[in-house]
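Q: For what it's worth, the numbering used here labels the leading residue of the sequence shown as 1, then goes sequentially.
Derived from the structure by calculation, the hints contain no laboratory data.
Among these hints, one or two may not hold up.
[To be verified] Calculated pairs, DMTMM-like style, for lysine to aspartate or glutamate (alpha carbon to alpha carbon, straight line, at most 20 Å):
#1 Lys83 / Glu136
#2 Lys212 / Glu342
#3 Lys16 / Glu136
#4 Lys78 / Glu195
#5 Lys81 / Glu244
#6 Lys219 / Glu342
#7 Lys194 / Asp360
#8 Lys78 / Asp282
#9 Lys81 / Asp210
#10 Lys219 / Asp360
#11 Lys16 / Glu195
#12 Lys219 / Glu338
#13 Lys212 / Asp360
These numbers come from a predicted model, not from an experiment.
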Amino acid sequence: MEAKRRITDRRHWLNKNVVAMGFTSLFSDMGHEMATSILAQFITIELQGSAAFLGLIEGLSDFSSSFIKMYSGWFSDKLGKRKPLGVLGYAMTGFVIPTFAIATNWFHVLVSRVVGWIGRGIREAPRDALLADSVEPSNYGHAFGFHRMMDTLGAIIGPSIAFLFLPVFGFRNVFWLSLIPGILSVMVFTVFAKEALRVRKREERKFWGDIKGLPRRFKLFLLAAGTYGIGNFANTFLVLKTAESFVPTIGIMGASTLGTILYVFLNIGSAIFAYVFGALGDRYNKGTLLALAYLIFSVYCIGFVVLSPTVLTYASLFLLAGVETGAIDSTARAYAAELLSERERGTGLGVMSTIDGVGDFVSSTIAGSIWALWSSSFTFLYGSIFGFVAMAVMLMLHFD
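Starting from the given sequences, assemble the full structure and let the hints guide the process.
A: In structure tokens form, the structure reads like this:
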């Protein structure tokens, strides 16, 4: 194998690559969140589809994206390059999602969403590996924290733009409008992101062999992350809990508005604390910070069960959810990069992304079923149990 050659400056964590990938994610998330934030209304109102179709679209999209992540990460290791897969993935998402605008039935939306989410799957692990390749290990936390902060800001700005323009332009024009940030994301990544390492292609790399050969400590971390993922249902369940708790006192519209405001509050907190925890991870043990994040998840889940539903109480719980989300988003990737060597980084991050995706699907499915069969309290107790178990596994790994 040819010696690795640095082709980007890693001395400073906020270098051109980190900034470029940060703005790429901001524009990309702005674009697809602008479209997906109004997708449910578009399907049910404009296309006269049912909630079942929406569930099928969401499920198949997440399923398709999850399993492509593992292969794309491994392939970037085999190829010795990260950028081509990143460009392809951002282009697929940025150019395909806006075609919701020409959909005449729910199946057209399904095809566009699945293709767009496959693009997300293709780009994620190679991009994360490129980000880790671009900085020194002592700065992983800062780099991943900044990146997740920019990503979350895009997820806040996109729906806000959709909310403002939807009454004026309608669904289809908002979808076309989302093409602008999608194009910007591809342009920024293509022009400004550079390969951080160049390695000659390896002739003998086997997919399953490379996965089996991942480090033991990384596999233990995957056990903790997977356990957390099975319990960590979507944050939209927090909005649903808000509606359930406040409809009797302030009505449907009031409760819906409160839930939306608190959800935006959560995302703002997530953006801020993604960087805060990323920076802390460069000073303190990342595994300990992850264990703390799992504990925070368990605590706010219990809070939704035992605390009286007041606006102040729920604002505090949503803030804790923002802290936990930001901490996990930045610290988990930085910790994984720390446990992996450069030659296996894409493979390992791809496996982690796949486990995250499967966990999201499983946890939300189980949480929704528990909610429907028993009550919301049992859903939050379910989440808290898995959070405590994940914390215990992380502490075992820390003291291993």
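Q: Look at each hint and say if it fits the structure.
A: Status of the hints after comparison with the structure:
Restraint check: the Cα-Cα separation between lysine 83 and glutamate 136 comes to about 19 Å, which is no more than 20 Å; the hinted pair holds. Under the criterion of a C-alpha separation no larger than 20 Å, the hint pairing lysine 212 with glutamate 342 is consistent with the structure, at around 16 Å. Restraint check for lysine 16 and glutamate 136: satisfied, since their Cα atoms lie roughly 14 Å apart, inside the 20 Å limit. Restraint check for lysine 78 and glutamate 195: the C-alpha separation of about 15 Å stays at or below 20 Å, so the hint holds.
Among the hinted pairs, lysine 81 with glutamate 244 is inconsistent with the structure: their alpha-carbon atoms are about 49 Å apart, more than 20 Å. A hinted pair counts as satisfied when its Cα atoms are at most 20 Å apart, and lysine 219 with glutamate 342 qualifies at roughly 16 Å. Straight-line distance between C-alpha atoms of lysine 194 and aspartate 360 comes to about 31 Å, which puts the hinted pair past the 20 Å bound. For the proposed pair lysine 78 and aspartate 282, the alpha carbon gap of about 29 Å is over 20 Å, so the pair is violated.
For the hint pairing lysine 81 with aspartate 210, the CA-to-CA distance comes to about 17 Å; that is within 20 Å, so the pair holds. Taking the CA atoms of lysine 219 and aspartate 360, the gap is about 19 Å. The hint holds against a cut of 20 Å. Between lysine 16 and glutamate 195, the direct Cα distance comes to roughly 11 Å. Compliance with the 20 Å bound is thereby established for this hinted pair. The straight-line distance between the Cα atoms of lysine 219 and glutamate 338 is roughly 13 Å, inside the 20 Å bound, and the hint therefore holds.
The suggested pairing of lysine 212 with aspartate 360 is violated, with an alpha-carbon distance near 23 Å, which exceeds 20 Å.
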